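Colleague: Using the sequences and the accompanying hints, generate a full structural model.
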Amino acid sequence: MTDSKYFTTTKKGEIFELKSELNNDKKEKKKEAVKKVIASMTVGKDVSALFPDVVNCMQTDNLELKKLVYLYLMNYAKSQPDMAIMAVNTFVKDCEDPNPLIRALAVRTMGCIRVDKITEYLCEPLRKCLKDEDPYVRKTAAVCVAKLYDINSSMVEDQGFLDQLKDLLSDSNPMVVANAVAALSEINESSSSGSPLVEMTPQTVNKLLTALNECTEWGQVFILDSLANYSPRDEREAQSTCERITPRLAHANAAVVLSAVKVLMKFMEMLPSDSEFVTSLTKKLAPPLVTLLSSEPEVQYVALRNINLIVQKRPDILKHEMKVFFVKYNDPIYVKLEKLDIMIRLASQANVAQVLSELKEYATEVDVDFVRKAVRAIGRCAIKVEQSAERCVSTLLDLIQTKVNYVVQEAIVVIKDIFRKYPNKYESIISTLCENLDTLDEPEARASMIWIIGEYAERIDNADELLESFLEGFADENSQVQLQLLTAIVKLFLKRPSDTQELVQQVLSLATQDSDNPDLRDRGFIYWRLLSTDPAAAKEVVLAEKPLISEETDLLEPTLLDELICHISSLASVYHKPPSAFVEGRSGIRKSLPASARAGSEGVESTESQAAPAVIPAQDSLIGDLLSMDIGGPTVAPVAAAPAAPFGSAAMDLLGGGLDTLLGETSSSPAPPSALPASSAALLGDIFGAPAASATYVAPKTTWLPAEKGKGLDISGSFVRRNGQLFMDLTFSNKAMQPMLGFAIQFNKNSFGITPASPLQVQSPLPPGVAADASLPLATTGPVQKMEPLTTLQVAVKNNVDVMYFACQIPMHALFVEDGQMDKRVFLATWKEIPAQNEVQYTITNVMHSADSNFTDTVVSRMQQNNVFTIAKRNVEGQDMLYQSLKLTNGIWVLNELKIQPGNPNITLSLKSRTPNVAEGVFQAYDNILHG
Amino acid sequence: MIGGLFVYNHKGEVLISRVYRDDIGRNAVDAFRVNVIHARQQVRSPVTNIARTSFFHIKRANIWMAAVTKQNVNAAMVFEFMLKVIDVMQSYFGKISEENIKNNFVLIYELLDEILDFGYPQNTDTGVLKTFITQQGIKSQTKEEQAQITSQVTGQIGWRREGIKYRRNELFLDVLEYVNLLMSPQGQVLSAHVAGKVVMKSYLSGMPECKFGINDKIVMEAKGKGMTTEDPARSGKPVVVIDDCQFHQCVKLSKFETEHSISFIPPDGEFELMRYRTTKDISLPFRVIPLVREVGRTKMEVKVVLKSNFKQSLLGQKIEVKIPTPLNTSGVQLICLKGKAKYKASENAIVWKIKRMAGLKETQLSAEIELLETDTKKKWTRPPISMNFEVPFAPSGFKVRYLKVFESKLNYSDHDVIKWVRYIGRSGLYETRC
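One line per chain: the protein sequences are A and D, in this order. So the first sequence is numbered by our numbering: it starts at 1 and just counts up by one. So the second sequence is numbered by our numbering: it starts at 933 and just counts up by one.
Just so you know, these hints were derived from the structure itself, not from any lab. Every value quoted in this text rests on a predicted model; they were computed, and no experiment measured them. Ideal Cβ positions, reconstructed from N, Cα and C, are used throughout, including at glycine. Take these hints with a grain of salt, some might be off.
[Stated by the list, open to error] Rough simulated footprint, nothing fancy, chain D against chain A, three-plus residues with beta-carbon under 8 angstroms:
#1 249 to 262
#2 329 to 343
#3 436 to 445
[Claimed, not checked] Derived DSSO-like pairs (lysine-lysine); straight-line CA-CA distance at most 30 angstroms:
#4 LYS323/A - LYS1231/D
#5 LYS1002/D - LYS67/A
#6 LYS1143/D - LYS283/A
#7 LYS313/A - LYS701/A
#8 LYS45/A - LYS1231/D
#9 LYS1169/D - LYS1062/D
#10 LYS1129/D - LYS283/A
#11 LYS283/A - LYS991/D
#12 LYS1002/D - LYS323/A
#13 LYS319/A - LYS283/A
#14 LYS1002/D - LYS78/A
#15 LYS1149/D - LYS1169/D
#16 LYS1129/D - LYS403/A
#17 LYS67/A - LYS1133/D
#18 LYS78/A - LYS35/A
#19 LYS360/A - LYS1235/D
#20 LYS1287/D - LYS1133/D
#21 LYS35/A - LYS1027/D
#22 LYS1075/D - LYS1129/D
#23 LYS991/D - LYS35/A
#24 LYS45/A - LYS1002/D
Modeller: Okay, here's the thing in structure tokens:
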């Protein structure tokens, strides 16, 4: 056979020629011609003009020719819908053919033709095929239901195909079961309502587990993937399912193994972590994961990306397997980079010597990216395993001696981190670093070097000369370098004021007068003011002690990690991104790990999974943090450290409130909450209403930072609105052995620009075993960055022990402002203006006292106390309609319509806003207020 | 699921293009060509995301194969499936090449239609596929034949058809092991493992049930406990500690999990019964001892000692040691005591070949390498010395204890089956740093 000749027809008039060949009487000629058509189609030529002629060839008993014609049809039917009808008859006839292969072929192909008129004719044959006596036809029909759902979902739901598909789950043939489960999973995933159309029951799970032992490798993957979406009812069921899945770990197909791992990892969450079963399962997981590393490189890559997740979730599984991740000389680069990542994660005191000698080898390889990563890894080892720090530093120094440009730069970046982690230990190497000053051309390396010089200015004799040399090209530097240079020179000045005055003036004028970068200018102005008004205060601020950097970097945020664990083996696990980040349209249901069955048991694992997610900054944000920490952001310094000298009012003009918070002490010292001007509405509520505490809904304090995460500090808190001012009420409990002091708080950028309005005032020192309350007034003038979910607030709390990070949720109702009452007409106009797709509906269920006759009034007053204002009230056919408005701190208006039926405990709420993504939070607020 | 599957030649011309899902358009074919095949910088990952479309690719020889999707598919499955497609094509028409693909494009389309439905992989077993997808056009099938095909494609034993008959019932077992080693210049084993597989060729009639026994530590210990009194000598027999093993889909995994016994109904002909991996007590067949001395800037002296470390009566074969040389090598003088050695400029290496070498022998090679003077500051980093060989034993100590065949319906017993077992140890990545 030499079919390749079909690829070479490039003559003019080719279509015409093909047409006549297709209409040739001889069968062989016809087939030849169809082959030519398919070849042209493959290379991208448009052969749609031949549609009627090709379809004419469809009526044949030659199976090969039939398949070719079907292939053509699938490609072009959509562009020629009218002519595609010509094929319907043949399809319907083929679906009745005595040969099961032909019946299946017909139904398979019909499902691929996306022409409405053909789809209409598909229903009857499909229904028959789903009940066909031949399993081959049934398994094909099962997939066809998924195809039909993709074309016309309502048809599948209306015509009862879902039930037929569900019946196939009990089919005697394992492959039919597998295809049915695959089709059902897809339908569930893409269902428009967002909730699965077909729920899995323990009975179906049992059937699937039985089929699992008998079907093809691919069928096993489908079944395992759908089992991963099932949540066992209890511990016992989780364990028995795990037991039945474990044998799959010995399958030769990597996809089967990884899908089995996914189910096991998910169900393991439900079991007590100290149980014997989990321990033995953990042991069983390691060997198959290691074996995946001897598969083809592409599969290895997928496996490694997943192992990276597994190691973060359960470090125990592979802790003894470091050696298998050693890089081989011939590994493709993508495998090498991934292995390196995992090596760093697994590095520990026990194996660090081996790891280090490997990394040293890698640092001499050819590939630039790989070498850089290896150098960085050495630095990470030093930070992670203190005992190895010294060896790491000397290895880095050796590497610097090679003078290979990118190695040197990378080494300097990591050495900066080592200096921060172990201050006053390795400064003797600074002189070696300084020798390489000229070769640094990357911003990050330059900035790191400058930071080192500034930080240790007192030990470097010619620090002023070095910094001056950088200053020459100040305007051309990257802003990262500029900011760092500014800070470094100020540090130098504070340490050696006598001979560096000129330098500091130079840099301040460059920053404030010649730069267009507002960050740089602001930083310059602040330093300038600080230095000119109170050098002592400047010292406190600029040379303040730095928070420690964390040992682990590049860790995924815990909730994302948990979500990705549910997606093991899928693309999401390869990208390390949630599916919503790369899959279009359908948002689907976000997956999360099941909660541990014995929450609160002693197991460390289970408490950890329960704890509030601690946000550990990734590498890049760490660097950002490092570079700006001495001044950037609204750092709130501890009150105790604040200088006594008040500022002149002139300084205040220029710098506004920023400086106040910066220094902790303001000329108008923080007013007690009661003295703040309150809006009239709230005042009224105060005078007439019940005690304020019961009037506005206040969420009970929740634990934000458990003591085991906070190095002995336990923080719980809630958000409250008092007299028109937003407060964060916190309780600090010291569960450690020694007193804590020097508390300070800082927020990450958040959706509502929330930022502390005054420094944190906590009893300090806080003796062991004592809990202290603090109320932190908040402002909404801070930097804004959209968070997911919207109400997330990431907080850093510092004390003399460490810096702790945690995230909490701001209840939306705390953000409702007092002047949220909209004029009636404005309300009406706005409601009409906002497009209908911005309307979101919600049902508040089981509202108490709904039986009360004046229930509606209760709702009105209760909402009013929480700054939700009723604009109008109507009674339509016995039900009360309330129209309410509210405004958020950031000026977003939200319009609501409430439908209250007497006697019905459920209230229907329709919301309209120009930014509908606040809806979620508003609903939550309604729920809380009306239930609370 | 998989939205489309494309095959390109090295120039990026499309050889096969099959779209399975509506969300994948023809432009995806071009997107992959432009962004991956013709990318200015070589793509550094087998998965690429271009405009919210994900491309999985595999390159074999000069042929690119890409699977495309817009969904969150099972990535491991996509790659396993693509590898399987390559397997299937190879078993149909041999080597994967542009020529072969063009010559068989009709067949390939037929296969792709059968093994992937709406992006869901279906039965990909070549044995079964060959019964109804043939290169000889259609065969007229009787109704019984058709039913047999469909029950086999979807069946529980999808890998074997009924009614196979042989006059002579015979089976061959090949234990094939690949030894992987990374050794430091000082002779310290940095990592070593054996990747082994058992390949079976079966020519058996009917639907035979087979039981396979090996000297696996867990099984042997369990056995040892039961009959310590009867056979105390057994404990002295060597056992192999298997870290992990994987089986062909014909092996009943649940039975292995509970009883640790390997039982199966084999496919007809050749197949890979199991794969395993061991790391303990590996007998390394060869040891390479390198000695590199840099004499000034223009000369290097290399001495390599090769020791064979197995029974004297056995013979190692196809031995090849590859010693890398710097890029600026201008000439090499070689002396070797055994075999032939040659400097290959194209590979930047000295290749030393020895046809045969008995156990417990030692030989060596010395080389003087002349270097051109270069001004590059960068030091040459020495790649490791690698070697290839083949030895007639299993370096892991793996032993086949028995393979019993039961066929209740036909009248032949285990004793009538002629069985052959062979052990081969080969080099995997066998490297010594220098």
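Colleague: So which of the earlier hints does this model not fit?
Modeller: 3, 4, 8, 9, 11, 12, 16, 17 and 22
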